[in-house]
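Chemist: With my numbering as the guide, the letters of the sequence shown map in order to residues 1 to 331.
Careful: at least some of the hints might be erroneous.
Now the in silico label distances, taken between C-beta atoms and shown as ranges [unchecked claim]:
1. Glu168 - Glu201: 35 to 45 Å
2. Ala30 - Lys256: 52 to 62 Å
3. Pro84 - Gln120: 51 to 61 Å
4. Arg239 - Trp190: 32 to 42 Å
5. Asp220 - Val110: 29 to 39 Å
Derived by calculation from the structure, the hints in this document are not laboratory data. Don't be surprised by glycine CBs; every beta carbon is placed ideally from N, CA and C.
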Amino acid sequence: MGDAITATVREIVRRHPDAPARSLARRVVAETNHAITLEQARSRVRAVLGLGGAGKRRKIPNAQFRPPRVAGQTLSLPPTKAKPWTPHDMGVVGRVGVLSDVHVPYHDAVAVQAAVRHLQAVKVNGLLLNGDIADFYSISHWVKRPSERDFPGELRAVRDFLGWLRQEFPRVPIVLKLGNHEERFEKWLWQHAAEISDEPEMGLDVWLRTARLGITIVDDQRPVLLGELPVLHGHELPRGVSSPVNPARGAFMRTKHTVLVGHQHQTSGHCEPDMWHKETFVWSTGCLCSLTPDFARLNRWNWGFAVVTVERDGQFDVANMRIAGDVVRTS
């Protein structure tokens with residue numbers, strides 16, 4: 001009987017080498033059907049572990065901790081659910097207009113018209129809608145004014161806006177990169193219609209009818225490449241960095257890379273050279289929405305957009321534009 005109990009103690013210690021002695025003793029009492037008392041079990045456990053506390057525990061050979069194996073079976077690495085995350089290359093050579101933070105139907109008509117007229121005047125070869133083109137106020141998680149809740153109306157307004165843009169730029173490629181406000185749509189589906197949220201018919205591209213307009217949607221927070229310039233909406237950047245001097249510097253602190261972002265509704269730039277005087281320049285663009293929404297009457301926003309000129313070798317030049325009234329100025 002004694003040898004059987006000792007064998008049980010050793011097996012329990014082998015299975016739970018880091019458990020406290022008292023916990024192991026309780027398990028011994030239970031697995032031996034109370035053949036010994038708790039104090040007797042604790043003494044045997046301490047004997048197997050070695051006297052003098054955890055620092056002097058006997059080492060159990062690693063071979064004893066090999067996983068159980070079925071005869072003839074070889075364990076292998078489980079399949080991964082990780083998915084590739086790659087940028088979307090817009091593939092345009094020439095001038096690309098970059099508009100962000102329009103927040104339809106809370107857009108400012110004067111600012112939008114000024115930006116579009118400028119892009120038409122410089123004859124852009126492509127148009128990048130860099131996030132938050134739609135506001136989707138009605139399906140946000142914020143407390144909403146009941147009279148403003150009209151999601152079908154918001155959808156119609158966004159469709160009309162995209163249709164109007166295609167009318168104004170009939171021959172250029174248009175890319176719509178989703179921002180945090182467009183992401184409200186998918187999150188709303190997950191919360192309210194999870195069972196059908198993955199159906200192709202429920203995609204935002206279907207609801208906005210982008211295919212018939214020849215507009216490409218970029219989701220999954222992927223960067224869009226204009227030559228060698230990565231463009232982010234800005235909500236993709238990690239949080240937790242102290243408040244920056246301006247949005248461009250904040251983007252630099254988070255990426256340490258040349259990049260163009262929106263999201264903060266402010267036109268700004270930041271440049272830092274390394275020890276070899278190679279410069280890293282970051283830009284943030286202004287918005288094209290109302291500057292005095294009811295949730296933020298006082299803010300530091302300004303109207304703006306950008307024009308990126310892309311060379312065949314991938315080099316680029318950024319003109320960060322501001323709008324004052326209906327006048328467009330280079331920042």
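Chemist: None of the hints should be skipped; say for each whether it holds.
Modeler: Outcome of the hint check:
no., hint, result
1, Glu168 - Glu201: 35 to 45 Å, "29 Å, violated"
2, Ala30 - Lys256: 52 to 62 Å, "57 Å, holds"
3, Pro84 - Gln120: 51 to 61 Å, "37 Å, violated"
4, Arg239 - Trp190: 32 to 42 Å, "21 Å, violated"
5, Asp220 - Val110: 29 to 39 Å, "34 Å, holds"
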